[in-house]
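2 protein chains.
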Amino acid sequence: MRINLKETAEFLETHDNYYILTHVNPDGDTMGAGFALCYALRSKGKNANVLCSDEFPKRYGFMYENYEPQKFSPDTVVAVDVADEKLLGTPLAGYKGYVELCIDHHVSNTGYAKNLLVYPDASAACEVLYRVLSEMGIVPDRLTAECLYTGIATDTGCFRYANTTVLSHIIAAKLMECGIDAERINRDMFDRKSKERLAAEQHILSNMEYYLDDKCTITVVTLEDMKTKGFTQDEFEGTAGMTVQPEGVQIGVLIKEKDGGKFKISMRSASDIDVSAICAKFGGGGHIKAAGCTVEGELDDVKMQLLTAIAPTMGIDLWLA
Amino acid sequence: MRINLKETAEFLETHDNYYILTHVNPDGDTMGAGFALCYALRSKGKNANVLCSDEFPKRYGFMYENYEPQKFSPDTVVAVDVADEKLLGTPLAGYKGYVELCIDHHVSNTGYAKNLLVYPDASAACEVLYRVLSEMGIVPDRLTAECLYTGIATDTGCFRYANTTVLSHIIAAKLMECGIDAERINRDMFDRKSKERLAAEQHILSNMEYYLDDKCTITVVTLEDMKTKGFTQDEFEGTAGMTVQPEGVQIGVLIKEKDGGKFKISMRSASDIDVSAICAKFGGGGHIKAAGCTVEGELDDVKMQLLTAIAPTMGIDLWLA
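Residue numbers (my numbering), protein chains in the order written: chain A, 1 to 321; chain B, 1001 to 1321.
Note that these hints are calculated values from the structure, not bench results. Do not take every clue at face value.
Stated by the list, open to error - Derived DSS-like pairs (lysine-lysine); straight-line CA-CA distance at most 25 Å:
no., chain 1, residue 1, chain 2, residue 2
1, B, Lys1229, A, Lys229
2, A, Lys193, B, Lys1193
3, A, Lys303, A, Lys227
4, B, Lys1195, A, Lys195
5, B, Lys1264, B, Lys1227
6, B, Lys1193, A, Lys195
7, A, Lys44, A, Lys174
8, B, Lys1195, B, Lys1058
9, B, Lys1227, B, Lys1258
10, B, Lys1229, B, Lys1258
11, A, Lys114, A, Lys86
12, B, Lys1264, B, Lys1303
13, B, Lys1044, B, Lys1086
14, A, Lys71, A, Lys96
15, A, Lys195, A, Lys281
16, A, Lys174, B, Lys1174
17, B, Lys1195, A, Lys303
18, B, Lys1227, A, Lys193
19, B, Lys1174, B, Lys1195
20, A, Lys195, B, Lys1174
21, A, Lys264, A, Lys281
22, A, Lys44, A, Lys86
23, A, Lys229, A, Lys281
24, A, Lys174, A, Lys195
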């Protein structure tokens, strides 16, 4: 059942002994919303713990450095930023069917919770949660505000992505009034990278090839690269965006070799060209500006297939180019 | 003479035929403030042109793609984001002593203008100008709002730096209400880079050396690198921040070889260590988190001198390390 802000605030005020569930592969938004809700509930004298199927990532260590799980018997199960029960992960799978309240911003939320507060226009679950806490008359303390800010900052790429709204900025302003150290958070979230990640970025910069009047880049990561440079898949997560960094590039392609002669393609658009339509030709899909597919064959042939599909979207005749 | 918001608004309302001066090496803030003020004044039926000693950079092309200089005899000279008359540059040097109004945010403003509106706590001149326009009752049109947003976004690193305030976010929210395409602006300002810049970034990533328990990085750009890779100084502007990207690194050093056996040192801190104090030992200076100096000698000796000065700030005994 969909509920509104006021009903959510009433729910939280009238219940106690909370288990707050976050999603697998926890990101800044589920972590931020989980701990912010936990600290806010504890500040009202209630019992609350944050649960996750995965370990809390060190990246968000400031959120939980003084956090201790409380000992109590749970009465109320709440999920934050969890669009689908499947995303609770195996260790928390026992809570499926028992989530009484979900606070989320995913348009794709499956409605598994008994009570659902979802604002699909919100940039982050933390944005929705901030509004809930305001409704409850709670002014976040500094740590709670830092958790909420982190969720909004990470989900919006620090106010850069299209999901950033007027309200995202207004809430950021309110959170800054709570005395947060936004500079430190942003440095840790956006400027700090593992050595392995930096090596992966270097690989992409070093191996970027230009095609189609320099309007298209292709970058390849082979199994051999993975082995010799010691890369894991993790290091390349989110790097596809780098393929459209060069000025003038409209489409960027990241090709990752997989076992069995398969290549995983990530395609990005920095123009109006719809890359999901291109990827659909290879049985893939996605969004207008970010899509993917899997292609089999020899690497050079795979590149040629992709360029043949991409060229017409730029008005280029590949055989004359 | 320092004037306030109201007096600035009155000044702009009671004058006409404006030459708006921007600073040399124009950045997003001086460009954004210049064109925003120009469009706002024109919307009030006044004559206004934007002047710069340098060409308007293509990077900010959207600000002036339909801009045409008007023909009129100037009565009022205004400077935006220009902290010192020297920064007007040679072609505009003739206006020295004739600037009647300066709108700025630099604490270092020399007070050269007959009337000065400066808010040193503002993140950008565009933030100050937004407040002036509000005082005048002007609601920015979309293009004017995009100019103002660009100034705030570029001067705050998209709301990431310590100069970002509550008001920066509130003004960003107001500008988003004017219908700006913040995503496109941010992509163009932050995600798009020239091939040469990307090559410079790759050079830094490839040549980063780790010292002092991996808490310090040193990256060198030699004259030979500049020559063989075809780099100019421009490509390395603002790259010193990359030296503290790796997780755990507290101090990053970028060494650029200059003629005559000299090395220009840029030092960055990602901790509480004050790098201006370290650079001061070599006759340099700067800020706590960003400083510089020039050191002479053989490269290996220069590195050792720097590490010898840095090690104690991390509690490391270099000779035992």
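Hints, one by one, checked against the model:
At most 25 Å may separate the alpha-carbon atoms for a hinted pair to count; Lys1229 (chain B) and Lys229 (chain A) meet this at roughly 24 Å. Pair hint Lys193 (chain A) plus Lys1193 (chain B) holds up; C-alpha atoms about 20 Å apart against a cutoff of 25 Å. For the hint pairing Lys303 (chain A) with Lys227 (chain A), the CA-to-CA distance comes to about 22 Å; that is within 25 Å, so the pair holds. Annotation: proposed proximity of Lys1195 (chain B) to Lys195 (chain A) holds, straight-line Cα distance about 23 Å (limit 25 Å).
Among the hinted pairs, Lys1264 (chain B) with Lys1227 (chain B) is consistent with the structure: their alpha-carbon atoms are about 17 Å apart, no more than 25 Å. For the proposed pair Lys1193 (chain B) and Lys195 (chain A), the alpha carbon gap of about 22 Å is at most 25 Å, so the pair holds. Using a Cα cut-off of 25 Å, the hinted pair Lys44 (chain A) and Lys174 (chain A) holds, with the two alpha carbons roughly 20 Å apart. Distance check on the hinted pair: Lys1195 (chain B) and Lys1058 (chain B) sit about 15 Å apart at the alpha-carbon level, within 25 Å; holds.
For the hint pairing Lys1227 (chain B) with Lys1258 (chain B), the CA-to-CA distance comes to about 12 Å; that is within 25 Å, so the pair holds. Using a Cα cut-off of 25 Å, the hinted pair Lys1229 (chain B) and Lys1258 (chain B) holds, with the two alpha carbons roughly 16 Å apart. A threshold of 25 Å between alpha carbons decides the hint, and for Lys114 (chain A) with Lys86 (chain A) the separation of about 16 Å falls inside it, so the pair holds. Using a Cα cut-off of 25 Å, the hinted pair Lys1264 (chain B) and Lys1303 (chain B) holds, with the two alpha carbons roughly 12 Å apart.
For the given pair, Lys1044 (chain B) sits about 31 Å from Lys1086 (chain B) by alpha-carbon distance, which is inconsistent with the 25 Å threshold. Among the hinted pairs, Lys71 (chain A) with Lys96 (chain A) is consistent with the structure: their alpha-carbon atoms are about 22 Å apart, no more than 25 Å. The suggested pairing of Lys195 (chain A) with Lys281 (chain A) is violated, with an alpha-carbon distance near 37 Å, which exceeds 25 Å. A threshold of 25 Å between alpha carbons decides the hint, and for Lys174 (chain A) with Lys1174 (chain B) the separation of about 15 Å falls inside it, so the pair holds.
About 22 Å separates the Cα atoms of Lys1195 (chain B) and Lys303 (chain A), which keeps this hinted pair within 25 Å; it holds. For the proposed pair Lys1227 (chain B) and Lys193 (chain A), the alpha carbon gap of about 30 Å is over 25 Å, so the pair is violated. Under the criterion of a C-alpha separation no larger than 25 Å, the hint pairing Lys1174 (chain B) with Lys1195 (chain B) is inconsistent with the structure, at around 35 Å. For the given pair, Lys195 (chain A) sits about 39 Å from Lys1174 (chain B) by alpha-carbon distance, which is inconsistent with the 25 Å threshold.
Between Lys264 (chain A) and Lys281 (chain A) the CA atoms are separated by roughly 14 Å; this keeps the pair inside 25 Å, and the hint holds. Between the alpha carbons of Lys44 (chain A) and Lys86 (chain A) the distance comes to roughly 31 Å, so the proposed pair goes past 25 Å and is violated. Among the hinted pairs, Lys229 (chain A) with Lys281 (chain A) is inconsistent with the structure: their alpha-carbon atoms are about 33 Å apart, more than 25 Å. Taken as a hint, the Lys174 (chain A) and Lys195 (chain A) pair is broken in the structure, with Cα atoms around 35 Å apart against an allowance of 25 Å.
The structure fails to meet hints 13, 15, 18, 19, 20, 22, 23 and 24 from the earlier list, while all remaining hints are met.
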